[in-house]
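Asker: Chains as they are written, first to last, in the working numbering: chain A, 1 to 303; chain B, 1 to 303.
Be aware that one or more of the hints could be misleading.
[What the hints assert, rightly or not] Cross-link-like lysine-lysine pairs, in silico, DSS-like; alpha carbons within 25 Å at most:
(1) B:K175 - A:K76
(2) A:K32 - B:K279
(3) B:K234 - A:K279
(4) A:K234 - B:K234
(5) B:K300 - B:K150
(6) A:K234 - B:K279
(7) A:K279 - B:K30
(8) A:K279 - B:K279
(9) A:K30 - B:K279
None of these hints come from the bench; they were simulated from the model.
What follows is each chain in one-letter form.
Number of protein chains: 2
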Amino acid sequence: MEKITLEHIKTYLTGLQQTICTQLEQIDGKAKFVDDTWERVEGGGGLSKVIQNGTIFEKGGVNFSHVHGALPDVLKSESRDAQYFHATGVSIVLHPIHPFVPIIHMNVRYFCMSDEANGQIKDEWFGGGIDLSPAYPNEVDTLHLHRTLKDVCDTFDTSYYPTFKKWCDEYFTIKHRNEMRGVGGIFYDHLRPENEKEKAKLFSFMQAVGNSFIPIYQEIVQKNRAKSYSQQHKQWQFIRRGRYAEFNLVYDRGTHFGLRTNGRIESILMSLPPHAEWKYNFTPDENTEEFQTLPFFQPKHWV
Amino acid sequence: MEKITLEHIKTYLTGLQQTICTQLEQIDGKAKFVDDTWERVEGGGGLSKVIQNGTIFEKGGVNFSHVHGALPDVLKSESRDAQYFHATGVSIVLHPIHPFVPIIHMNVRYFCMSDEANGQIKDEWFGGGIDLSPAYPNEVDTLHLHRTLKDVCDTFDTSYYPTFKKWCDEYFTIKHRNEMRGVGGIFYDHLRPENEKEKAKLFSFMQAVGNSFIPIYQEIVQKNRAKSYSQQHKQWQFIRRGRYAEFNLVYDRGTHFGLRTNGRIESILMSLPPHAEWKYNFTPDENTEEFQTLPFFQPKHWV
Numbered sequence: 001m002e003k004i005t006l007e008h009i010k011t012y013l014t015g016l017q018q019t020i021c022t023q024l025e026q027i028d029g030k031a032k033f034v035d036d037t038w039e040r041v042e043g044g045g046g047l048s049k050v051i052q053n054g055t056i057f058e059k060g061g062v063n064f065s066h067v068h069g070a071l072p073d074v075l076k077s078e079s080r081d082a083q084y085f086h087a088t089g090v091s092i093v094l095h096p097i098h099p100f101v102p103i104i105h106m107n108v109r110y111f112c113m114s115d116e117a118n119g120q121i122k123d124e125w126f127g128g129g130i131d132l133s134p135a136y137p138n139e140v141d142t143l144h145l146h147r148t149l150k151d152v153c154d155t156f157d158t159s160y161y162p163t164f165k166k167w168c169d170e171y172f173t174i175k176h177r178n179e180m181r182g183v184g185g186i187f188y189d190h191l192r193p194e195n196e197k198e199k200a201k202l203f204s205f206m207q208a209v210g211n212s213f214i215p216i217y218q219e220i221v222q223k224n225r226a227k228s229y230s231q232q233h234k235q236w237q238f239i240r241r242g243r244y245a246e247f248n249l250v251y252d253r254g255t256h257f258g259l260r261t262n263g264r265i266e267s268i269l270m271s272l273p274p275h276a277e278w279k280y281n282f283t284p285d286e287n288t289e290e291f292q293t294l295p296f297f298q299p300k301h302w303v
Numbered sequence: 001m002e003k004i005t006l007e008h009i010k011t012y013l014t015g016l017q018q019t020i021c022t023q024l025e026q027i028d029g030k031a032k033f034v035d036d037t038w039e040r041v042e043g044g045g046g047l048s049k050v051i052q053n054g055t056i057f058e059k060g061g062v063n064f065s066h067v068h069g070a071l072p073d074v075l076k077s078e079s080r081d082a083q084y085f086h087a088t089g090v091s092i093v094l095h096p097i098h099p100f101v102p103i104i105h106m107n108v109r110y111f112c113m114s115d116e117a118n119g120q121i122k123d124e125w126f127g128g129g130i131d132l133s134p135a136y137p138n139e140v141d142t143l144h145l146h147r148t149l150k151d152v153c154d155t156f157d158t159s160y161y162p163t164f165k166k167w168c169d170e171y172f173t174i175k176h177r178n179e180m181r182g183v184g185g186i187f188y189d190h191l192r193p194e195n196e197k198e199k200a201k202l203f204s205f206m207q208a209v210g211n212s213f214i215p216i217y218q219e220i221v222q223k224n225r226a227k228s229y230s231q232q233h234k235q236w237q238f239i240r241r242g243r244y245a246e247f248n249l250v251y252d253r254g255t256h257f258g259l260r261t262n263g264r265i266e267s268i269l270m271s272l273p274p275h276a277e278w279k280y281n282f283t284p285d286e287n288t289e290e291f292q293t294l295p296f297f298q299p300k301h302w303v
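One chain only, chain A, in its complex shape (with noise of 0.2 Å):
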């Protein structure tokens, strides 16, 4: 069995990259993405795909990146005395325009440290999911994405799904509203391969999440993209957005992650709606549609 290196997962990622933005083209019809490809100063970099005012997509990017160099302070309590430290991955966020349309995230990524640049890798974990955040969650769709990510999971071991969709759950929650951002997904972190097999299994796991984006996406958005909507549909996905800026903002791991490590903002923040609302003390009437979406923001036994 062949060795899985940095390499080998860089080759799949910015494969994959290439793959989804090629698809989600497609499925726009209009939108094409646009290239900008970054540096950072310590080390390493990345090529930011984005995608604005199309049929489908408002905003919405497909990021790589591959950073290295010292270890960071803020990861150092993890370090096992390693010194150095590369972090590759793939990034998406989507916004649609559509209120019915989700917004869709994902990401996958690897993470290894090391003594020196090209030293003996001291720890290494991977890490990632996929979730989903409508403003009008479905039955239909969440079972899609729960079943799916379920089928890809099974694959590799039963207790990944139940295990991966808790940890969705609870990693999305807002927690001073005690209530997730979305219908959740799977969510897994600090995976770490205590040997090659394993490490081969891992990465093999890597691929099934990422290959698994378009088929569950692109059922969702052509099921719902033709459904006609009003403003008051509007102004609730405005409201939700701005309820997905506040997790994003207030607790997401990677968001602060990138800001204290001298990060690439405009990828970081890449996931921030175009537009969002806050109104004072807004809850939905009972009986309207949006009354019955809060359900859904709770955490629900799916598959």
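Use these hints to put chain B onto chain A, whose structure you have.
Answerer: Okay, now just chain B, sitting in the frame of chain A:
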């Protein structure tokens, strides 16, 4: 000299809230403040006064609160063995509709710690400040703000203005963007009286700051409210409001303190703009009005 008590401070603060609301209603001419009282399970509560959809004010709040109870863990490091705290203050944030009328923020607060609910005070301090966040800063308004605040400060201590002005510039910096959220003002915290005389002085200073709010803001509103503006001006206002939300959600200590200590969410997040936008990698072109605002968001000696 009469000893200053928590009751004296609360009496001033509730009166200040009422006076400011009456005057803001006169300035707006249409919208009225709506009262919203709330209680904190662990002790205390507040009165939020909220204005929405006025001729001048799109969204704003003038909040009084007095919360008390067992000292939360997040404060225990500062506790000098005290077990009980009281915190009282008035907080204001106003988001005007007009892109040339600035967002204003004021807070004056008093904090004390003791062994038991009404026990002897073991530690106490005053904090507060006023700062302005215009989308289109101009020299006249910025000078008026800083001159008025310097006059207020100089009556008490000539070291106050330079110290608190610098503190404000630093505190209200969006670190990841290396820019201030506005044009500053004053900010101070942990002003600890060593004796009753100093406590009386600090309470007078609190009153002087609180009483300067209307004189500062009224003039700025009146000077700008009749200017004509375009969609481009609204656009930049939305971008600057996005920065305001970024600051408050990522950095503001008051916001994080409130979210972590089971504060009243809607009163804390009342500070968020009614409507904000994030564009990918947006920087104004040179030779535009927007480009000319950028130097104002860097610290500058005003008076």
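Asker: If a hint holds in the structure, say so; if it doesn't, say that too.
Answerer: Structure-based check of each hint:
The hinted pair formed by K175 (chain B) and K76 (chain A) meets the criterion: a straight-line CA distance of about 22 Å does not exceed 25 Å. A C-alpha spacing of about 16 Å is found between K32 (chain A) and K279 (chain B), which places the hinted pair at or below 25 Å, so the restraint holds. For the hint pairing K234 (chain B) with K279 (chain A), the CA-to-CA distance comes to about 19 Å; that is within 25 Å, so the pair holds. A threshold of 25 Å between alpha carbons decides the hint, and for K234 (chain A) with K234 (chain B) the separation of about 19 Å falls inside it, so the pair holds.
Distance hint between K300 (chain B) and K150 (chain B) is fulfilled; the C-alpha atoms sit about 15 Å from each other, no more than 25 Å. Of the supplied pair hints, the one linking K234 (chain A) and K279 (chain B) holds, its CA atoms being roughly 19 Å apart against a limit of 25 Å. For the hint linking K279 (chain A) to K30 (chain B), the alpha-carbon distance of about 19 Å falls within 25 Å, and the restraint holds. Taking the CA atoms of K279 (chain A) and K279 (chain B), the gap is near 21 Å; set against the 25 Å cutoff, the hint holds.
For the given pair, K30 (chain A) sits about 19 Å from K279 (chain B) by alpha-carbon distance, which is consistent with the 25 Å threshold.
Consistency with the previously given hints is maintained throughout, with no hint failing.
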